[in-house]
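**Q** Sequence:
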Amino acid sequence: MKLVIQRRADVPRWLSLAGPLGAVLLAFLIGAAVLVASGSDPIKVYATMAQSALLTRFGLSETIVKTIPLTLCSLAVAVTLRMKVINIGAEGQLYMGAFAASWFAGAFPGLPATLMIPGMIAMGCVGGSLWSLLAIAPRLIWGTSELFTTLMLNYVASLWISYEVMGPMMDPKASGAAIGPSFVAAAQLPTLGATRVHLGLLLAVLLAVGLSFFLRRTRWGFETTVIGANARAARYAGMSITRAIILVTVLSGGLAGLAGMTEVSGVVHRLQENISPGYGWSAIIVSALARHSPLAIVVVSFLFGALIVGGFGLQTVGVSASIVQILQGAVLLFVIGSDFLLQYQLRLVAPPRNQPGLELGLARVSEGPQ
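In my numbering, the protein residues as written are 178 to 547.
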């Protein structure tokens, strides 16, 4: 018999659901093993994380706050991956969206909120979109992989923010601290009661719903799917690959830039270094776990937000919050593995009669003389 790898003609629905769930379960088992090896009780640690992130009013509100930029950055990653364009630059696009929105708030401090907030939203989207176009331009001109350009520009964006808050946009009242001036009240997103949950939540949910509709029900969404599945066939059908790449890049960068705007306007109320704890990086895992589905991204972003907030609560039991990074990395690893199982299956196939023996892959094990 011969063990071969075959592409699945049809993926069972139960397997599509079991893949992400299994990835999360295995990741938490790996995390438990690491905790046991370090002398910690995994049940106590996970219970503390759940208590900190979900079972208190403050923890739940902070989880929702983290869900907003995670959702927007994950949508940015998902919309490109559906067309096989690799955008791992959401982190940098978030930073540049934050920069552009902060510039607008500082340049027009006298505007009313009805003009200030829409202006900051627009500038945040423009900042992220321009940064993403800068990353995709080498592919369109010279055929350079966007994997490298989007990756490298993340660090350029972070250093650009450091330069700005330590130079031209530094708050003169901050006594040398690397932060920008505080925003006027009109430049701050409205919040829900005494919590830090802000208007960005509504924007993120509406964009997820709208993006789901456009991907499923419009010609643009159909073209995105076709180009992602077979770019050559799409070109023969008359679809413009270059135009589609530019459009999806602008949309992706705009979503990530909006995440930056919501952070500076809704949370920190100024431009500063390290405004993101890695939302753009986590977005890659969130999008993969959600199978690039906009509506599923909202749910998975909430769970990852809880993971981040729960990590902060681990300080009360003397456990490093680094366990969160371990869990995220393990989830990504197992999601990649589950993707392989979704697309392929292992089957035993009988060899031709003139080729007796047991074969595994390309190696045949002889059964002796006949």
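No wet-lab data here; the hints were simulated from the structure.
Treat the hints with caution; some may be incorrect.
[To be verified] Between beta-carbon pairs, the in silico distance windows are:
hint : residue 1 : residue 2 : range
1    : Ser359    : Arg184    : 52 to 60 Å
2    : Gly216    : Pro349    : 48 to 56 Å
3    : Ala227    : Thr395    : 34 to 42 Å
4    : Thr402    : Gln183    : 19 to 27 Å
A virtual CB, placed ideally from N, CA and C, is assigned to each residue, including glycine.
**Q** Taking each numbered hint in turn, which are not upheld by the structure, reported in ascending numerical order?
**A** none
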